[in-house]
Amino acid sequence: MSDMIRGRLMNILIPLIAIFLAFLAGAVIMLFSGNDPIQGYAALISGVVGEPYDFGETLMRMTPLIFSGLAVAFAFRTGLLNIGVEGQLIVGWFTSVFVGLIIDVPMIIHLPLAIAAGALAGALWGFVPGILKAKFEVHEVIVTIMMNYIAMHVVNSIIRGQLLESGQRTGFINPSASLESQFLSELTQFSRLHWGFFIAIGACIVMWFILWKTKRGFELRSVGYNKNASLYAGMNVKGNIVASMSISGAFAGVGGAMVGLGTYQYANILPSFTNIGFDGIAVALLGASTSLGIFLAAFLFGGLQQGANMMQAGAGVAPELVEIIIALIIFFVASGYIIRWALGRMFSKKEEK
Amino acid sequence: MDVVLQILYIIVPAGLIAATPLMLTAMGGLFSERSGVVNIGLEGLMVMGAFGGIVGTLMFESFGFGALSPWMGILFAVLISAIFALFHAVASISFRADQIVSGVALNFLALGLTVFIVREIFDRGQTDTINTRIFRTNVPLLSDIPVIGDLFFSRIYVTSYIALFIIAVVWYVVFKTPFGLRLRAVGEHPMAADTMGIKVQRMRYIGVMLSGAFAGAGGSVYAVTIAGNFASGTIVGQGFMALAALIFGKWTPFGAMGAAIFFGFAMALSTSAQQLPGLQNIPQVFFLILPYVLTILALAGFVGKAEPPKALNQPYTKGSR
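As they're listed, the protein sequences go chains A and B. Position in the first sequence (first residue = 1) + 319 = my numbering. Position in the second sequence (first residue = 1) + 1 = my numbering.
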C-alpha cells in the first residue's frame, strides 16, 4: 500500500473511529446509569429523522455550526487556533439584528446589508487578535478567549441599556431583513428551518474556493505549513495572519447573523455562551478542516443536539449525554496520534503475514 | 472620609471573597503551565470541583459529619478533580494531542458529565442546597483593630486566609525546592531536563494533576461558600478568569495572587458600583470587561511583557531534536 493512499485512508478512518469510540463510551455511561443504550440511541436517531419537523430543526441547528466550523478551520489552515469564534459569532448576531431593527429599506438591500454587517463585526473581532499576533507575537488563544467575554458583556450591556423590548431580548427585526422561509418551514412541519441553510452550503464552497483556488488562499496555507519558508519566498506573513483571523471572524459573524436573522429574529441577553463557537472547534477537527468534512460534522453535531431532546422524552436519558459524546469525540480526534499508531501496528502485522 | 471607609468596608471583603476561588485555581494553572502543559481546561476542572464540593458535602452531611461536611467536601472535590485532570494529562502528554484542543474538550466533558450525573441523582438540573455552609466570620482579636480590622478581618470566609497561606506554600515549593526546580526545568527546556535525568513525562503528569487538585479546590470553595448548590450555571467563566490572572501575574504565585485580587475587586465593583458615590456614573460593563481588557494589554506588553514558559504547548518526545 503506498503511503499516500494510506495517509488518505487514515484521514477518513481516524474521525470514524473517534466517533465510534465516543458512542461506545456513551453506551457504557448509559449502562452504568441504569439506562438501556439501545433504546437511548434509537430515541436519538428517531429524534433526528423521525419526523420532518425534527429533520428541519436539525438542519436549522447545523447552519451556524457550519459557519463556526468553517471559521475555526480557516484560521487553522494558517496555523492559528481561533477559540474566539464564540465572541465573533455573538457580535455578528447582535450587529446583524441591530441593522435589521433600525433600518427600513427593501429586502434586496436590507438582507445583504444585515448579513454583511454581521460579517464585518465578526471580522473586526477577529482582526484584534490577528493584529496583536502579527505585531506583538501575542498568542491568539488567550486574546480570543478574553475577546469572547468582552463580546458577551458588551453586547449584553448594549441590549440591556438601549434595545430591551420584552423580557431579556430586543424587538423582532423588520421582515425585510429576515431569512425566514415559509416554504422551508411548511415543508418540515413548521420547523424553524430558514434560507440560511443554503447560505451555509454556499459558504462551504466559498471557503474551498478561497483556500484552494486563489493566490491569497495559497499564501494562507503556505504560512500555516511553514512560516519561515513563506517569509523567505517573499510572502507577507504578518499580513496573512491578520487576513486569516479577519476572514475567520467574518465567517463566524455570518454564522451569528444566521442565528439572529434566521432562527430567532432577535438578539437576547446571554446569561452564558451559546457554545456554537466552541462546538465549531469540534466540527472543524472532526471535519479535518475541509469544506465537505465540516458539512458532515456539522450535520452530526446538529443531529446530536436535536436528538438529545428525544433521548430525554423517549428513553429518559439526560440530554447532557450528548455533550459528553461531543467532548469525547474531540478527545479522540485530537488523540489521533495514538489511533494512527494502533492502526499502523495492525496494518504492519497483516503485511508481514 | 467616613463615607469612603463605609464603601471600603463593603468592597474589600467582597473583593477578597470573589478573588479566593480565582487565586486557588490560578495556582493550579501555574503548576500545569510551569511544567509546559497549557491548561485551558481550568474552567472544566473548576466545574468538577464545584460539583464535587457540593455532592461531597451533601454526602458527608448525610453520613452525619455535621459542620465538618463542607471541609470534607472540599477534600473530596480536590481528589476527583485531580483524577479528572488525568483526561487532559493522558491526551496531551501521552497521546500528544493538541493541548489547547484537549483543554477545550475537558471543559465540555466536565459540564456534560457533572450535569448528567446531577440529573440522574436529583432528577433535575441542579443539586439540593447544602445545609452546612462555611459562613463569614470575624477573626478574633484582629477584627478589633480599628479600620484594618474592619477592612481585612471582618465578615470574611476562613477559606480566603487559607488560600493566601497556600499561595505562600506554592511559592516556596515552586521556587525553593528541588521539585519546583525540576517542574520549571521541564517547562522551559524539557530536553535539557531529560538529559539531567528528570522524568519529563512524569513531572508533567504531576503538574497537570496538581492543576486539577487546585482548580478543584477553587471550584469547591466557590460552591460551598458563595453558591450553596451546583447547576450548569454555577461556574461561568471563573476558570478562564483564573487563567487570565495567571498570565497577568506573569506565571508567578504572588503575581497571580495580586491579579486575582485585582479581578476580584473589579467583580465586586461591577455588582456594587451602582450604590457608590462617584462610581455610579461609570457603566457596569466597564468593570465587567476590565479583567479581560487588562489581560490583553498585559500580553501585548503595554502593562509589562508577560513571557510564558518556553516549552509551553509543546509535547515532548524522547530523542527528538
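Hints in this document: simulated from the structure, not taken from any laboratory. Where hints are given, some of them may not hold.
[Said to hold, decoys possible] Pairs of lysine to aspartate or glutamate, DMTMM-like flavour, derived with a Cα cap of 25 Å: (1) K251(B) <-> E538(A); (2) K532(A) <-> E505(A); (3) K200(B) <-> E189(B); (4) K311(B) <-> E456(A); (5) K546(A) <-> E308(B); (6) K546(A) <-> D195(B); (7) K557(A) <-> E308(B); (8) K454(A) <-> D195(B); (9) K319(B) <-> D151(B); (10) K319(B) <-> D145(B); (11) K546(A) <-> E456(A).
[Said to hold, decoys possible] Listed below are several chain B residues computed to face chain A (Cβ distance under 10 Å; list not exhaustive): (12) I118; (13) F154; (14) S155; (15) Y317.
All C-beta atoms, glycine included, are put in the ideal place defined by N, C-alpha and C.
If you check each hint against the structure, which ones fail?
1, 2, 6, 8, 9, 10, 13, 14 and 15
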